[in-house]
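K.L.:
Whenever a hint applies, use it, and build me the whole structure from the sequences.
There are 4 protein chains.
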Amino acid sequence: MGGVGLRAGIYGGGGFAGAELVRLLAGHPEVGAMGVCSRGYAGRGISEVYPQLAVEGEYVEPEGIDASALDVAFVAYGHGESAVTVKELLDGGVGLVVDLSADFRLPEVEVYEEWYGEHPAPELLAEAHYGLPEVFGASGGPLIANPGCYPTAAILALAPVVRRLGAQIRSVTINALSGVSGAGAKPSVKTHFVTVNESVSPYGITGGSTSHRHTPEIEIMLRRVGETPEVTFVPHLLPISRGELETIVVELERAQDLPGAEEVLGWYAEDYASWKFVEAFSGPPHISHVANTNRARLSAAVDRRAGKLLLFSAVDNLLKGAAGAAVQNMNLALGFEEDLGLEHLI
Amino acid sequence: MGGVGLRAGIYGGGGFAGAELVRLLAGHPEVGAMGVCSRGYAGRGISEVYPQLAVEGEYVEPEGIDASALDVAFVAYGHGESAVTVKELLDGGVGLVVDLSADFRLPEVEVYEEWYGEHPAPELLAEAHYGLPEVFGASGGPLIANPGCYPTAAILALAPVVRRLGAQIRSVTINALSGVSGAGAKPSVKTHFVTVNESVSPYGITGGSTSHRHTPEIEIMLRRVGETPEVTFVPHLLPISRGELETIVVELERAQDLPGAEEVLGWYAEDYASWKFVEAFSGPPHISHVANTNRARLSAAVDRRAGKLLLFSAVDNLLKGAAGAAVQNMNLALGFEEDLGLEHLI
Amino acid sequence: MGGVGLRAGIYGGGGFAGAELVRLLAGHPEVGAMGVCSRGYAGRGISEVYPQLAVEGEYVEPEGIDASALDVAFVAYGHGESAVTVKELLDGGVGLVVDLSADFRLPEVEVYEEWYGEHPAPELLAEAHYGLPEVFGASGGPLIANPGCYPTAAILALAPVVRRLGAQIRSVTINALSGVSGAGAKPSVKTHFVTVNESVSPYGITGGSTSHRHTPEIEIMLRRVGETPEVTFVPHLLPISRGELETIVVELERAQDLPGAEEVLGWYAEDYASWKFVEAFSGPPHISHVANTNRARLSAAVDRRAGKLLLFSAVDNLLKGAAGAAVQNMNLALGFEEDLGLEHLI
Amino acid sequence: MGGVGLRAGIYGGGGFAGAELVRLLAGHPEVGAMGVCSRGYAGRGISEVYPQLAVEGEYVEPEGIDASALDVAFVAYGHGESAVTVKELLDGGVGLVVDLSADFRLPEVEVYEEWYGEHPAPELLAEAHYGLPEVFGASGGPLIANPGCYPTAAILALAPVVRRLGAQIRSVTINALSGVSGAGAKPSVKTHFVTVNESVSPYGITGGSTSHRHTPEIEIMLRRVGETPEVTFVPHLLPISRGELETIVVELERAQDLPGAEEVLGWYAEDYASWKFVEAFSGPPHISHVANTNRARLSAAVDRRAGKLLLFSAVDNLLKGAAGAAVQNMNLALGFEEDLGLEHLI
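Residue numbers (the numbering used here), protein chains in the order written: chain A, 1 to 346; chain B, 1 to 346; chain C, 1 to 346; chain D, 1 to 346.
Note that these hints are calculated values from the structure, not bench results.
As the structure is a computational prediction, the values presented were derived from the model and not from experiment.
Some hints could be false.
A pair counts as met if it fits within one copy or between any two copies, since identical chains are not told apart.
Simulated crosslink set (SDA-like; lysine to any residue; CA at most 20 Å straight-line) [what the hints assert, rightly or not]:
#, residue 1, residue 2
1, Lys-190, Thr-206
2, Lys-276, His-28
3, Lys-276, Leu-53
4, Lys-276, Asp-257
5, Lys-87, Arg-170
6, Lys-276, Glu-56
7, Lys-190, Leu-53
8, Lys-87, Ala-67
9, Lys-190, Tyr-41
10, Lys-276, Phe-336
P.N.:
Below is the structure:
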């Protein structure tokens, strides 16, 4: 690493979100140097592993990056492992750490441990800022928990509704559909082309019960905005590479209190008026509308017969759901425009 | 047409369901001759239009089939148009007519006209048998209304639940995902490869309101089995050619009355024990499990935290959701085994 | 195993070709019992591993099958490993062994060892019948080498041309396109959905040189039919699950000797007149025409300007290119109709 | 239109290439205003027709654009129609016109008329610059013929070879694979999702003869570089949205003159050293490497046994094969950096 501008480190750069981070930071006007580490790929060229990336440089071992010289670090390890590195970086004086794992998304250690096991740095939980700026603003501190892709889509669609209807909401069900990059770069039967292609399936169901770790993240963050019942979250795997669509069903205590679809679109327009990457959309959103962008596209419809409100939310899981949001969070924390280096992804 | 065995006519044989009918009837041991009509393709070879079909013969104009010589007819025109042909065939003495359109699925003319417009043969509505044999048995009369693909998946999953829990059910939401063949063979922007590929979108939403014509069919047929609230139905278009998955959320008046997933699987096993094409499945069903088969695969899970029952139902929209069911209905009506000519699709 | 009819064993039943064999043999009217072994999956239900298969039974260890009671065995291990099992089965008295590996396709041990390494049972090479019946007839002996999927498509298209034009042929280039099931069921970066989807790439190129093991198989078998120059074979991986298309360019010594496309179609019709699964087709073949069938579809075109003959050949790599051909070979060797149990795949 | 910077007009902006042009020009730092016309979509919002585009504005009738105020125009009509508009724009004083149709790619009117019919403005043919700058440099005049997507990939790979080996080349065969966007936005049976999905087919074959209009374009342009034999061109349609791969087989008069793969890569590196969007690549290129970029990725391999050179060339048909190249051509003609506004597509 060398040169002028910010010195950025990426830890766990070998996965799909890491590859997107590399692409975005390589084109970011304020980033002058970048170290990318991956235990699995150390010594191999980045563009050898991800040949669609037109970047120079090799993956290095984490020890190969002089953390003390970093201005900003992105950590994208698995949960548990990520927190250890985050703590080291903060202790080492890195001014801003954006963690893309689940390790700092749940503010209470008890909840974390129920879903993920022991937390290696529970003392940092209270310091982390949940990095969904359109709902929770920019971070003032050095640690940002980048939201999960599913919670990003869910909270953006639900927060304006919870904010206004809160206590009247009786039931929330999220039917989530995700492309395969959301399942990670590691080869498995689950991600084999022949398994996924020409099919769709629900997942995250164990012993006849739903249990996806994104559920508590969604509930806890929504409850910061307003009253929220227990949320049902049913993810499905789609035969596409990237992108996510959530169809969210909201029932109120009294069907006559249902807002109109236009009214909900108005709430979206109002709440997100000052933000560039979230937009109200009057028709049904398609994943193709947001793939390869950092946008979230939100829509609404009403089933008057059955008394339900339907919300639709589409994001690119690797951009607004991961790397794009991480760079946006960095921009805001460092006082840049939120879309610096992301202008072509609006 | 000539030869021994049943003489079958297919009206509206140029669509995707028609092509599947041709394939199935060409291999059916009791069918001796087949006339296939299509106004759009008359004069062209069937295997010229559908080159994957290894069958002889040409599409003909409907007038080119001597209806009085038919033992069985399948009608697959659009709604409205289908009923006219059905009436002519029955009046002409055809002993069995299986209609694949929506024209005879709704037993009350008022409901039909609300969703589809005027009905050309309302006097036949009461005579039609709704051809979902696993729930409503075989037909005793000459007219069978072949169910819609979405209602097939929905009713198979819901009927055993409605039968047992009926009045306790407060809310039913069907999140339906369908391959593109469900949208028909007619080229349009909606079915253009580039529109559909790498995307998913909800559809059937007009002016902010849900309104899919399959909703009344599902509600009316379920109410023959037990009490059923208004159903919310949200279809989505998938980037696959064939197959359908429905994720159905059922809420009860009292969460403590929720059955277990195993219990629901037991209901499925019990109710469908004597049928070959419907099966309870203990894991999450994938569309790939049922594509190119006549099977429906049903599963269940429970979200105890949020108090909801989840049902999953997968079918091939062109087979169990259309042509396969039509042949199964013919088999049952004529006293054959239900899987005659369909053995390789179990 | 028990019951009447043939007792069949499948060795290496855990792969994609094995799964197709299970499906086909389960529906074969002359097969009474089936033992399916897989070291990796022993103890697991077949329909648990391949949930689209509606069959009973578990995978067993090879030792769990009483080979002495088998009438026919199919072996689908990797090369080298397969020959060991084949030898044991023949030594143990199994009357018919169909080997789906490459172990018995190359009749000369020197050529085999150049491409694959040491051969464990070279003495059997001369006994093996190359099981492409439309070119080389039915097997009279107990050992059938089932052809590779690529050679199947290539030889079917080229044999009639080589037979007639032999010495005049100066150059043959095979541009081959295959679905991902041809790369096997083992998860890898190469078969990860995100790698394959929305892409195509050539493969089998090492250090700037082409070198696919199917090349010698194609050349050797064609030379049994007529003079054949060295063949260039360039395989590509397609983002589809199954099916293969080969576009074959043939140049003659003298362009004026080029036959017409119709003439070549006539050769196909003539040479394959008595066979059910190979057909001449006057338009360009699509993989979709043959997917999920046991058919090979052949076509031809001529580039008069540049003086080249183009041949097109499409097969389903798992059926006519593997399991379908294996059952067809069994049928012929045992004196059944070639399409017994395969009628629905014509 | 208004604002500072270049005033750009897009004629025929309703197709896929037009939509990419809108996206690129909307983000181009030197373009200040943009008028987009489409007869079919006039009056509709651009982002209504292409909802993935985050741009303001409506399609207008061509008459709705004040051509006299334009600094640059892009024309993307069908052949024949395009030339009429190009002539009007040049006559009206527009300083730079980039034509994306085939109308000005063939410099001789006789050849044009053989493949396309009468030419509406033959007097302009000699003035047009063939806009493949990496081979033919920047345009000095007001009219640029933007190359076809297939010729772009072919000429980039072949020019360095023809330049050096010219007279020794005996045979060139181009096996071309293209995504569906190359077939245009107009719905048809050919582009219906169900036709294309899970399949591949050759096309451009009529009455048993190959005849794709890109053939003369490739031959004529290569002959400007060196001796070139008649080229065989066989296109295939792929089940992907965008991107193209060409596998090109070159035979020399004497096999012993074959260069090595490394040598060819060296030629690429040398000839394209000063250009940003063309690169030599030592492994097999995948379409995914170049999709959504303006890059061409070139590679080579040798089949020593059969005496053939293989070239591989991958581009995104809508970017380097159409809209990206058009903007690159504009940049060069106006004296900007070739990648201005395209930096994120390297």
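K.L.:
State for each hint whether it applies.
P.N.:
Here is what the structure says about each hint:
no. : hint              : verdict
1   : Lys-190 / Thr-206 : within (15 Å within a copy, 29 Å between copies)
2   : Lys-276 / His-28  : both (17 Å within a copy, 19 Å between copies)
3   : Lys-276 / Leu-53  : between (26 Å within a copy, 14 Å between copies)
4   : Lys-276 / Asp-257 : neither (31 Å within a copy, 46 Å between copies)
5   : Lys-87 / Arg-170  : neither (40 Å within a copy, 48 Å between copies)
6   : Lys-276 / Glu-56  : between (31 Å within a copy, 14 Å between copies)
7   : Lys-190 / Leu-53  : between (26 Å within a copy, 17 Å between copies)
8   : Lys-87 / Ala-67   : within (12 Å within a copy, 61 Å between copies)
9   : Lys-190 / Tyr-41  : between (22 Å within a copy, 16 Å between copies)
10  : Lys-276 / Phe-336 : within (14 Å within a copy, 29 Å between copies)
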